[in-house]
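**Q** Chains as they are written, first to last, in the working numbering: chain A, 1 to 756; chain B, 1 to 289; chain C, 1 to 159.
No lab work stands behind these hints: they were computed from the structure. Incorrect hints may appear among the rest.
Taking lysine to aspartate or glutamate and the EDC-like style, the derived pairs with C-alpha atoms no more than 20 Å apart in a straight line are [claimed, not checked]: (1) B:Lys-53 to C:Asp-56; (2) A:Lys-511 to C:Asp-84; (3) C:Lys-3 to B:Asp-5; (4) C:Lys-117 to B:Glu-78; (5) C:Lys-83 to A:Glu-27; (6) B:Lys-7 to C:Glu-16; (7) C:Lys-72 to B:Glu-78.
Residues from chain B that face chain A, not an exhaustive set, calculated with beta carbons under 10 Å [claimed, not checked]: (8) Ala-42; (9) Ser-101; (10) Ile-185; (11) Thr-188; (12) Ile-192; (13) Val-194; (14) Asp-259; (15) Arg-261; (16) Asp-265; (17) His-269; (18) Val-273.
If you're wondering where the values come from, they're calculated on a predicted model, not measured in any experiment. Yeah, the Cβ is synthetic: ideal placement off N, Cα and C, and Gly gets one too.
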Amino acid sequence: MKNTNEATDASHYKYIGTRSIRPDGFEKVTGRANYGADLSLPGMIWGKMLRSPHAHAMIKSIDISKAEALAGVMAVVTYNDFPSVSSEIVATGEGTEDLLDLARNLMADGKVLYHGHAILGVAAISRQIAEQALALIDVEYEVLPAVLDVRDAMAKDAPVLHEKMYTEGLAETPNTASNVASVVELKKGDVDAGFAQADVIVEREFYTPTVHQGYIEPHACTVRYDEHGQSMVWCSTQGHFDVRATTAKLLHMSLSKLKVIASEIGGGFGGKTTVYLEPVALLMSKKSGRPVKMIMDRDEVFKASGPGSATRNWIKIGAKNDGTITAMQGKLHYEAGAFKGSPARLGGMTAFTPYDVENMFVECYDVVVNKPKVAAYRAPGAPQAEYAAEMIVSELAARLAIDPIDFRLQNAAKEGTKTIYGPKLKRVGLVECLEAAKNSPHYQQALKENQGRGVSSGFWFNIGGSSSVTLNMNRDGTGTIVEGSPDIGGSRASMQLMAAETLGIAAESFKTIVADTENIAHNDGTGGSRTTFATGMAVVEAAKDVIRQMKERAASVWNVNVDVIDWVDGVAINVGGSEKLSAAEICATADRTGGQISGQGNINARGAGPSFAVHICDVEVDKETGKVDVVRYTAIQDAGKAIHPSYVEGQYQGGAAQGIGWALNEEYVYNDKGILQNPGFLDYRIPLASDLPMIETVIVEVPNPAHPFGVRGVGESGIIPPLAATAYAVSDAINAPITDLPCSPPNVLAVIQANS
Amino acid sequence: MPIVDYKAPVSVDEAITMLADCNTDVKVLAGGTDLIIQARPASSNPLTVIDVKYIDSMMTASVDSDGLTLGPAMSCAEFTARDDIKAIYPGLVEAAYLIGSTQVQGRASVGGNLSNASPAADTIPPLIANGARCVVAGPDGERDVAVEDFVVGVGNNCMLAGELLKKIHLPLPQARTSDAYLRFIPRTEMDIAVAGAGVSITLNSDGLCTAARVAIGAVAVTALLVPAAAEALIGTKLEDSALQAAASAASAASKPISDRRGTADYRRHVVGVLVKRAASIAAQRAQEK
Amino acid sequence: MAKVHVNTTVNGDAVEFLCNPGETLLDILRNDLQLTGTKEGCGSGDCGACSITVDDRLVCSCLVLAVEAEGKKIGTIEGVADKDQLNVIQQKFLEHAALQCGICTPGLIVSVQALLKENPNPTEEQARYYLAGNLCRCTGYDKIIRAVMDAAETMRGAA
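With the rest of the complex left out, here is chain A (with noise of 0.2 Å):
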């Protein structure tokens, strides 16, 4: 076995681009750290949520009062046990929801508007009892018809989901209520004159499912209500900070009376953004007086948290026979789920980011539908959008007989390049990403009978942030890192390494851990690929602070002013004479220094840069029944500067793995009634270790120059090629075109026949 993953360059750093041992890691292999559904507390009682079985109806009544005489049923709570909330845009995790819409998400308000919407909570002495509780109450419903689709939910008399909603976003303000959110347009040059100037115009619309983010650890907290001291949630989040904000503003409570601490998180790819059962267990706590532990089911995973958008994308393109991309348009739909808030917009902004060309153009639909509620989902809108365009640039470039990577080459966006959505780009590395994908020994390699390839760019923004750390030094020079970012994929051996670096100490000297709301200032939740380079910097701000403090001291001891200090290696040197002091010796002495030494670094971390991404693909495919094997996979993307090229890795193989699941074999299955077919892991199929090969990986390094260590984030991006790269893959199989996903073996059987 060939290991491939070696980074691309040699570094001139001691610790930043070694492969350390997470700190974390000697609990995580032997169990002992603690995830959402892990804690217990004397006298805990367990919550359950009773949920919709239809995708869209009427409440007319509930009738609680068997499971209320269930022996050991100790609080029931409804919408009704809520405080009254208003319509107001708050943040939560990457994104902005309503505050009415996530009252109405937790709870159906007279209404359930998909299949699983929670209808109350019921907490009783043991999960059993819950549960026997819940099939106690008996509910009566007045069905509706279920709109399952964008093109459905458009149709000029479709049912409607809410009768106070009117598209935003239109020249004149619309008189009735649509499923459509709004409309946004995205622009820059003139897409007709464009399309008058090329040769070859492709044009297509594409389908992608419903996907959900597919994490193994189901939504948990444990939770106590107080009403006179601190409430407290324990809880699996990607951002505690957010899930306190929400929760007390829902529950009209200060943010000092509730403290959140973020368990371990198995996994959340954006969707564990925000809240579901919190709140819920909050108020099941203050009814009952007892410490709540709600766990979800998976089946409750998928019917009732926020997966990703279906989208219906149409895009055309046009190119010159030289390989100029002349103009690219779009127009997407976004499913919203029951509320509104689609990262269609997000689909807009990225879709053709990859491209230096003068016109574009795209229409950007948010359309609510009866499923859940879409959440973010690791670069949530993009790889839909970009999908859809990747498919197109593939097709173009092979009617026009140009490689596909000189093709993307010849087209790539640069520094200086004008998105569609306002700035230019900065230093960017995706022509450096496209070089690596080309001179790959992949792509060198020739395909076998019933091959295919393809080849697919991605972008992501990427995004910076509030983060805030605290580095406390001990007496004996090593310290310990308090962050407030969920740690989720083993950014806490990041933050050890870039905090040895900016001191000169060594990593295994740092402790690091990720404080709950009340150890640490706010901290936005680890997302839009934040941490390492937001968090990063607070980390180095933070050691920055400590070595200030060192160097005073030296100089109070050595009574020499502080200009005249050196910092190196972990030690205070005094450039006028032979004088040191280790980072060890000053933190022995600090009392008598001026106490003990404690650096901050609390920022709004600018500057974010995008990291491109580059996928190849082999499959084969199985004519005859239309199955598709993944032989040979490489992702590439620049990851500014790889803090742990063994997680900077992880990142770009766990994107492709799940983005090859999207590619082929997941997706939300619905029936003509709006009932999940598939909440479960049996057939809503991820990809197993059986299914893939090894995932090569090139890490390009273009530094991005806001950082200290030049690094971008890295997380999303690499699950936005696999898609189109997989399905052109399929299609140049088959020699036909694909536009539907997943490319399950069905779809692309069909598809066969169609076209043989």
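Since the structure of chain A is already known, use the hints to place chains B and C on it.
**A** Showing chains B and C alone in chain A's frame:
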């Protein structure tokens, strides 16, 4: 909880007495990989489970001149590790190996797979292809039922209240006979069959097919024995045309539905492909005997 | 409904507990014995996060009734390391960065231990198929398989 009582008899007779004496719904527990999930909903009836894994004869298998006598509750992990069984019935062992993950293999059993009577059960087509019979024991003695008659509907077998699947018996195949089982799933593992085909082929010394049994799964409410597919193979050397005819016969005999695992048209098509491929493998194996 | 008294052995320790006849071994391990290293990902045997061994046979503890543990030898993630001395598999998982979020890791390590006991020299393909019932959504399995192959080689060398 729906499961309200658990009993662990050590003999078949004791199990039959316990089945008769039970005053709630009662189910036999072998590996539990289907039963424990099915018994979970809080709304289901109180259930007593009779764990038959302490009954030696339910947990062992022997091969002799009569063929294979299989204890229905023996785990697939133990069953598939038996080289003596694999040498004679490779298709059935393949099918048992396909049920679920390694973890599920550690618990699931051929008898459980059969009794659960899913249309997509992997072991049923190769059991039928091999002419397997079930010995069903009850308060009134024993009866002997062909596997194709044992399963009577989706999730339903022919056993009456108080009866227990005591043994599964497969006759010893004739000379130059072998079997194969193929199923189609979207991934490489962990899925339920979209379609399945178990084929047993007997060749004479000239390589001519003298006997065949073809059974298909997941394309009707029960697995189907397809005599027309077998007839298409008998008397041929399994040339492409014969394989294609068998495939067409299997597709024609199928009565599939559309669901989350595949459309009816797709299943009808793929079951033919599987019959064709499984027949080739079985013939190849028979040739090598 | 009367509770059932069960005597069993967990990671070498004699253990007794009371359970309802329908309770799963997973629930007893996590909620009664406080062995929360075994995780629940699906409750239906489809994800492998709850993998344990019963009499050395790898199973999903969500599909085993607690009453079935009577007289058996149970092995969980908590018993893999020798006190604070990591097993080779655990060490290789760390060296290869074979975990990101870590929720599938306990089940995987228990499964890999069972794999290498049955087959000390697996091919990459054998390892991938043996572990097909252990879902990981973070890693794409690449680094997990590398850790498994490396652990197998190291363990063969030490044997």
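**Q** Please write out, lowest number first, the hints stated earlier that are contradicted by the structure.
**A** No numbers; nothing is violated.
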